[in-house]
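Take the sequences, apply the hints, and build the full model.
Protein chains: 4
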Amino acid sequence: MLNRRTDLAVEARELWEQSAGQTTALEGVEARDGTREGFSVTTVRVLDERGSRALGKPVGTYVTLELSGLLRREEEAFPRAARALAAELSALLKLPDRAPVLVVGLGNRAITPDAVGPLAAGHTMVTRHLVERAPEHFGSFRPVSALAAGVLGTTGMESGELVSALVEKVEPACVLAVDALASRSLDRLCRTVQLADTGIVPGSGVGNSRAALNRETLGVPVIAVGAPTVVDAATLAADMLAGAGRGEVDPDTLWGGREGLIVTPKDIDAQMADLAKVIGYGINLALHPGLSLADVEMFLS
Amino acid sequence: MLNRRTDLAVEARELWEQSAGQTTALEGVEARDGTREGFSVTTVRVLDERGSRALGKPVGTYVTLELSGLLRREEEAFPRAARALAAELSALLKLPDRAPVLVVGLGNRAITPDAVGPLAAGHTMVTRHLVERAPEHFGSFRPVSALAAGVLGTTGMESGELVSALVEKVEPACVLAVDALASRSLDRLCRTVQLADTGIVPGSGVGNSRAALNRETLGVPVIAVGAPTVVDAATLAADMLAGAGRGEVDPDTLWGGREGLIVTPKDIDAQMADLAKVIGYGINLALHPGLSLADVEMFLS
Amino acid sequence: MLNRRTDLAVEARELWEQSAGQTTALEGVEARDGTREGFSVTTVRVLDERGSRALGKPVGTYVTLELSGLLRREEEAFPRAARALAAELSALLKLPDRAPVLVVGLGNRAITPDAVGPLAAGHTMVTRHLVERAPEHFGSFRPVSALAAGVLGTTGMESGELVSALVEKVEPACVLAVDALASRSLDRLCRTVQLADTGIVPGSGVGNSRAALNRETLGVPVIAVGAPTVVDAATLAADMLAGAGRGEVDPDTLWGGREGLIVTPKDIDAQMADLAKVIGYGINLALHPGLSLADVEMFLS
Amino acid sequence: MLNRRTDLAVEARELWEQSAGQTTALEGVEARDGTREGFSVTTVRVLDERGSRALGKPVGTYVTLELSGLLRREEEAFPRAARALAAELSALLKLPDRAPVLVVGLGNRAITPDAVGPLAAGHTMVTRHLVERAPEHFGSFRPVSALAAGVLGTTGMESGELVSALVEKVEPACVLAVDALASRSLDRLCRTVQLADTGIVPGSGVGNSRAALNRETLGVPVIAVGAPTVVDAATLAADMLAGAGRGEVDPDTLWGGREGLIVTPKDIDAQMADLAKVIGYGINLALHPGLSLADVEMFLS
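Chains as they are written, first to last, in the working numbering: chain A, 11 to 311; chain B, 11 to 311; chain C, 11 to 311; chain D, 11 to 311.
Hints in this document: simulated from the structure, not taken from any laboratory.
All figures in this text were calculated on a predicted structure; none of them were measured in a lab.
Heads up, a few of these hints could be off.
Heads up, incomplete: computed chain B residues facing chain D, CB under 10 Å, no partners named [stated by the list, open to error]: (1) F88; (2) G163; (3) D279; (4) A280; (5) D284; (6) M308; (7) S311.
Where a beta carbon is used, it is the ideal one built from N, C-alpha and C, also for glycine.
Here it is in structure tokens:
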């Protein structure tokens with residue numbers, strides 16, 4: 011299997027097709043292309059064990075938005091991207107109107123390409139305390155709580171442990187987990203958002219596996235919102251050498267002494283800020299369907 | 011009672027003495043002055059209900075370190091301050107060697123004078139995962155976990171709720187809660203650290219009361235580590251007018267429209283960074299008594 | 011004279027009136043109130059030496075915008091504020107269409123209440139290099155350059171020296187200098203912008219006097235854009251004690267040992283960010299009159 | 011010539027040797043290896059036009075320190091690195107004791123791998139104003155001024171223009187210019203500092219050429235202090251493909267649509283902070299030879 015080191019189902023499918031050739035059908039997987047607000051949307055459904063084994067991904071639905079216009083600063087790209095994300099997210103969430111939600115930002119805020127989760131959590135409209143304390147004004151809102159969960163090295167706790175503790179206390183109907191992903195493709199870097207109703211399963215990204223955050227471990231549905239922000243440099247090199255006819259190369263044997271090298275855009279700080287805002291605003295529009303972007307802006311300022 | 015709007019027991023005692031005059035004895039309260047590493051240390055013990063009512067503070071021990079040398083950048087001020095804090099903290103903690111501890115940074119990291127808790131949590135040596143996963147190297151360490159708990163407005167959860175959820179999961183023998191305090195005295199601003207074995211009881215600081223973090227609510231001892239970083243501007247004004255012979259003035263009637271004004275040093279950003287580092291390193295030395303400051307520096311870098 | 015320790019002409023005038031009583035006329039000073047985009051605008055003209063002596067301000071025009079709506083997050087407050095500032099600034103600038111301008115952000119970016127200048131410089135549309143290198147696309151733009159000038163303690167150079175060096179090289183038709191000001195009034199804190207065609211004359215603010223930036227020292231007109239972000243705590247206290255009937259008190263005798271204490275909003279970080287953006291966008295609209303706010307947003311993103 | 015896209019003389023020499031084979035001598039270039047404080051030091055001297063053409067570097071001396079121990083957090087690595095850098099820098103500087111120096115931090119502080127210059131400027135002991143204003147205390151110090159010069163896109167001015175303006179005003183005996191470099195080798199990333207007495211000549215790094223900063227343009231000697239913080243991803247890929255036997259590949263044809271991709275360590279934020287501190291402290295020790303690291307620490311805090 012070549013599906014190591016990609017967190018994107020759409021990419022795992024491409025890799026499968028490259029390795030399997032054109033003749034074999036990928037059974038147990040369904041894919042559909044569409045557009046939303048002018049952006050390409052690919053929905054990959056892993057239907058059963060066959061599909062799961064082939065792609066190395068749990069059974070479930072994976073929606074990929076290509077937000078390439080965002081980077082080119084096209085007019086109205088931000089509101090279109092936030093609305094597209096909200097629409098796709100709503101379709102996955104299938105939540106009653108006022109069912110409480112917990113938004114979790116995963117990743118290390120001190121490491122720029124890993125900070126998209128904490129940054130997006132910071133753009134989330136937090137309403138749980140308002141609904142409880144001022145129901146006369148906020149009674150019609152969905153109760154939303156949020157936390158940047160830190161990482162094992164800074165908390166001593168697995169994200170899974172921490173989120174599980176919160177779920178027991180807050181009792182949300184659903185957890186939304188925002189995280190940085192690893193891609194194999196430079197084309198998708200900082201331009202793509204993947205929504206998955208499977209939660210987050212450790213070990214599929216660049217190092218730093220975390221305990222799973224999914225319905226099995228948390229007892230409630232977990233929607234993962236992920237954005238590829240790095241390509242592992244060793245994986246990229248191995249892919250290139252394979253492409254150059256050198257056959258399979260074990261990425262771990264390349265630049266042995268220098269782990270942790272990544273390929274990333276030079277202006278990663280600005281791109282993280284942009285992506286995190288799109289994700290946060292998209293989540294807000296999905297969780298509070300009556301609000302406009304201007305309402306969200308006013309609430310958060 | 012004049013003890014509103016000070017979080018410092020030492021200050022509550024001064025205010026009581028000012029209002030009561032020299033003739034009355036303050037019963038149920040014991041105070042002792044000393045020095046540690048060249049810094050003044052005042053220990054106020056609230057012994058019983060009489061003392062508690064007089065000072066408006068729960069029964070317990072309150073230790074105040076005056077770190078004035080720190081600001082004057084005296085030679086070796088930082089290591090002396092960290093060791094003094096560690097020594098006083100150890101005396102309050104009375105913990106078995108490897109009993110696990112949870113360090114919680116309270117306050118809003120986006121508001122500079124409120125960020126001392128999150129910043130100090132960031133200087134904490136987190137070891138819980140290492141003790142569990144690499145006992146051959148870290149088996150002799152105390153398991154420490156840490157979290158910046160955010161604030162109600164950014165999480166939708168009371169700090170008390172959040173910490174209570176973590177305590178159930180992590181099962182520490184003790185919680186250390188670091189927080190910014192309000193002082194009435196400009197002299198103590200950013201120069202003082204108060205340790206208290208009473209935990210944190212809401213409503214004694216500048217606004218923003220939080221649900222209590224103490225043995226009653228969490229089931230384990232809570233040591234509060236607090237640093238006065240602001241003086242409420244309205245309280246200061248009321249104190250000054252009272253001092254000028256205008257009698258008691260209700261602070262809330264001053265500048266009615268402008269809540270949230272504080273008195274603070276102009277270089278608050280730098281002073282918060284310094285204080286948070288002293289607190290974090292003092293906590294590390296207290297929790298890992300075999301380590302030197304150089305060891306801590308190496309671990310954290 | 012009581013006009014020490016205010017940088018605002020409108021405040022100097024109020025102080026004069028308080029001290030002089032209602033019977034005397036303030037000669038050599040003209041004042042006019044108006045509104046712009048719903049905000050109050052006060053224009054104080056210091057006409058001659060008599061006015062200059064009375065207010066302690068150089069002869070010239072001082073325009074004060076009260077942006078109180080901004081803080082209350084009224085709808086459309088940001089675009090209205092940016093347009094109001096642009097309109098008043100244009101009236102002072104009186105510049106030919108493509109005359110080059112140098113925008114200078116004064117103050118220390120590491121000290122939050124002093125950072126409004128560097129932050130505003132960061133929101134400035136810089137076009138000088140584009141006009142020179144790609145005249146086919148940018149030939150119709152005004153050439154604008156910008157610099158955060160740092161402070162004496164971090165550069166070893168007076169802002170005046172540094173800006174003078176740049177003026178000789180860049181040869182702008184006008185310098186716009188953005189700076190944090192000191193106010194005496196808590197009401198105006200972070201809610202007011204003063205535009206002055208007199209440049210910046212040292213010694214009128216909270217400490218840290220800087221060499222003058224004006225037509226005399228730089229050889230070109232200097233428009234000062236200032237925002238009061240702090241009230242000096244000692245001045246405030248002296249004012250309060252005077253108000254309480256204690257007569258004139260020398261602020262420098264209050265809390266002698268603790269210089270550098272200021273009164274400021276608790277959320278100063280967020281308020282600085284908001285103010286700096288209004289100022290930067292207002293400058294952009296004034297310097298590039300053909301552009302809309304959306305154009306500016308697109309250019310800067 | 012293969013020397014495009016490396017800023018390091020030591021690397022240009024390696025590339026020349028690879029392309030020329032072992033049989034040819036590299037004339038006009040002298041190289042010498044040594045150690046300083048336990049770190050490897052390579053000194054490459056480009057002696058004449060032949061050497062300059064072969065390496066694509068101006069005639070002059072290039073000193074490369076390999077600070078690999080720094081990253082492995084060896085004991086005392088920081089003070090050893092700062093002293094090693096100071097010793098090599100002093101040897102290049104050859105300045106009279108109190109000759110004034112201007113330190114310039116080049117690069118964009120908003121782009122992490124480009125921020126090493128501005129960050130190092132922030133660690134520089136600035137003394138010019140103290141020597142002028144308090145000669146009784148600081149008369150024995152060398153007058154040092156410093157500036158983070160920004161980049162063309164944020165100032166509208168070439169770094170060369172800006173520094174030239176300052177040199178005319180401040181009249182330093184020497185300019186020290188700190189900048190991020192591009193390397194071709196992943197091994198050297200964030201582990202190497204190059205000192206060069208040739209100044210900075212545009213066009214030898216990753217894109218973003220700047221006007222030259224050297225004796226010709228500024229009229230005083232310019233010592234460049236550079237640290238490789240990125241490897242251009244396209245160059246790396248072309249090198250790998252060439253290594254894999256695909257022959258010469260034009261990097262610009264790889265991933266045409268995605269310029270600005272770099273290879274960098276995942277924790278680039280922390281590594282930039284460490285490197286900038288070593289560089290700043292090394293500069294301080296070189297410019298103020300009587301001071302210890304503890305003195306520098308005290309001065310800057």
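So, going through the hints one by one against the coordinates:
1. F88: 9 Å, holds
2. G163: 27 Å, violated
3. D279: 13 Å, violated
4. A280: 9 Å, holds
5. D284: Holds: closest Cβ of chain D sits about 8 Å from D284/B, inside 10 Å.
6. M308: 6 Å, holds
7. S311: Since the shortest Cβ distance to chain D is 6 Å, the answer is holds.
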